[in-house]
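> Given the sequences, and given the hints that come with them, work out the whole structure.
Chains as they are written, first to last, in our numbering: chain X, 1 to 193; chain W, 1 to 69.
Hints in this document: simulated from the structure, not taken from any laboratory. In this text, all values refer to a predicted model and were calculated from it rather than measured experimentally. Incorrect hints may appear among the rest.
Below, simulated DSSO-like cross-link-like pairs (lysine-lysine); rule was C-alpha separation at most 30 angstroms, straight line [as the list claims (entries may be wrong)]:
{"no.": "1", "chain 1": "W", "residue 1": "K5", "chain 2": "X", "residue 2": "K62"}
{"no.": "2", "chain 1": "X", "residue 1": "K76", "chain 2": "W", "residue 2": "K59"}
{"no.": "3", "chain 1": "X", "residue 1": "K188", "chain 2": "X", "residue 2": "K146"}
Derived Cβ-Cβ restraints for the label pairs, each shown as a range [said to hold, decoys possible]:
{"no.": "4", "chain 1": "W", "residue 1": "T54", "chain 2": "X", "residue 2": "D67", "range": "22 to 30 angstroms"}
{"no.": "5", "chain 1": "W", "residue 1": "P32", "chain 2": "X", "residue 2": "W40", "range": "46 to 54 angstroms"}
{"no.": "6", "chain 1": "X", "residue 1": "R177", "chain 2": "W", "residue 2": "D63", "range": "48 to 56 angstroms"}
{"no.": "7", "chain 1": "X", "residue 1": "K76", "chain 2": "W", "residue 2": "I3", "range": "47 to 55 angstroms"}
{"no.": "8", "chain 1": "X", "residue 1": "D67", "chain 2": "W", "residue 2": "A25", "range": "34 to 42 angstroms"}
{"no.": "9", "chain 1": "W", "residue 1": "D55", "chain 2": "X", "residue 2": "G77", "range": "44 to 52 angstroms"}
{"no.": "10", "chain 1": "W", "residue 1": "M1", "chain 2": "X", "residue 2": "K31", "range": "51 to 59 angstroms"}
{"no.": "11", "chain 1": "X", "residue 1": "K51", "chain 2": "W", "residue 2": "A25", "range": "57 to 65 angstroms"}
{"no.": "12", "chain 1": "W", "residue 1": "D55", "chain 2": "X", "residue 2": "D73", "range": "42 to 50 angstroms"}
{"no.": "13", "chain 1": "W", "residue 1": "F40", "chain 2": "X", "residue 2": "L45", "range": "40 to 48 angstroms"}
{"no.": "14", "chain 1": "X", "residue 1": "L20", "chain 2": "W", "residue 2": "M1", "range": "21 to 29 angstroms"}
{"no.": "15", "chain 1": "W", "residue 1": "A31", "chain 2": "X", "residue 2": "N169", "range": "56 to 64 angstroms"}
{"no.": "16", "chain 1": "X", "residue 1": "G77", "chain 2": "W", "residue 2": "A25", "range": "38 to 46 angstroms"}
{"no.": "17", "chain 1": "W", "residue 1": "P32", "chain 2": "X", "residue 2": "R96", "range": "46 to 54 angstroms"}
Beta carbons are placed, not taken as given, at the ideal position from N, Cα and C, and that holds for glycine.
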Amino acid sequence: MTTRREVEDRIVHLIREQFLKYSDETLEKYKNQIQSTVKWYVSTLPRHIAKSEADDLESEAKIAFIDCLKSWDPRKGDLWPYVSVRLKGSMQDYLRKRGSDPVAGLYEFITSAANVYMAFNRKEIVHEEIDKVLHIDSAIEDFSHKEKTVLEKYYKHDKTFKEIGKDINLSESQVSRICKEATLKLKKNLTEE
Amino acid sequence: MTIRKIEANELKKIGRPGLKAAEAAPPSGIAPVLRASWNFARDIARRFSKELITDRTAKFLNDVAKRYE
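And the structure:
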């Protein structure tokens, strides 16, 4: 004997199958909202990442949107509130994945090796890669141990605030606050230098 | 007090009781289980259709009625 829940699930499944055939239409309808979400997210990123990843992030957001259509349950609420949260998450995931991507890592390694080679052999200073590293080390010299740890774990090891908090026995929000303050301080120090 | 003349069209519009209910009724010949959950199906079809540019509620419902066993 089929339960009411099973019948409803089947109805939702059948209608969704039809609905997904028109996913282009939904994408078109929400195009502007997706773009503004991506724009907002890109504006929160450091400039060098924002510049190189903006287009990829938009495609990633569109793929995530289509995925959301497949899993969205209209019984639980409207589409956009569900999608908007997932879009941000998918863009974060994408950036995290890129950071640990061996190809991206290899590319960064080759770029910095090439810069060092240029600097030593041609006596030309390719500032960006070399100076960045030297300056950051001196800029965080006067930072507290906690700030240094948070910055290193967050930016270098790509850990989440939750994971960092667990490591140093602080709450997620405290870690987030420390990271924000330390980043601002670092920015200020670097511009002063 | 003024007495307004009622047009013939107006009477026609008023005098069709039960029209909404007739539109809302499930089509004949569908599975009894689906008939029992017809209001739910209609509601879900509307919600999905709301996310499209054109309203496809009727199409979705027709398809469900055809494919439901």
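> Under the criterion that the straight-line Cα-Cα distance not exceed 30 angstroms, is the pair K5 of chain W, K62 of chain X satisfied?
58 angstroms, violated
> Is the hinted range of 46 to 54 angstroms satisfied by the C-beta distance from P32 of chain W to W40 of chain X?
Once the Cβ atoms are compared, 50 angstroms apart, the range 46 to 54 angstroms for W40 of chain X and P32 of chain W holds.
> Given a hinted range of 21 to 29 angstroms, is it respected by the beta-carbon distance of L20 of chain X and M1 of chain W?
60 angstroms, violated
> With 42 to 50 angstroms as the target window, see if D55 of chain W and D73 of chain X comply at their CB atoms.
Violated: the Cβ-Cβ distance is about 21 angstroms, outside 42 to 50 angstroms.
> Regarding R177 of chain X and D63 of chain W, is the given constraint of 48 to 56 angstroms on their beta-carbon distance met?
53 angstroms, holds
> Would you say the C-beta atoms of M1 of chain W and K31 of chain X sit inside 51 to 59 angstroms of each other?
56 angstroms, holds
> Between the alpha carbons of K188 of chain X and K146 of chain X, is the straight-line distance 30 angstroms or under?
19 angstroms, holds
> Evaluate the given range 56 to 64 angstroms for the C-beta pair formed by A31 of chain W and N169 of chain X.
60 angstroms Cβ-Cβ, so the 56 to 64 angstroms window holds.
> Confirm or reject the claim that D67 of chain X and A25 of chain W have a C-beta distance inside 34 to 42 angstroms.
For A25 of chain W against D67 of chain X, whose Cβ atoms are near 37 angstroms apart, the range 34 to 42 angstroms holds.
> Could you say whether the range 22 to 30 angstroms given as a hint is met by the Cβ separation of T54 of chain W and D67 of chain X?
23 angstroms, holds
> Taking the beta carbons of F40 of chain W and L45 of chain X, is their distance inside 40 to 48 angstroms?
43 angstroms, holds
> Taken at face value, is the distance from the CA of K59 of chain W to the CA of K76 of chain X at most 30 angstroms?
Answer holds: K76 of chain X to K59 of chain W is near 23 angstroms, not above 30 angstroms.
Consistency with the previously given hints fails for numbers 1, 9, 12, 14, 16, ordered from lowest to highest.
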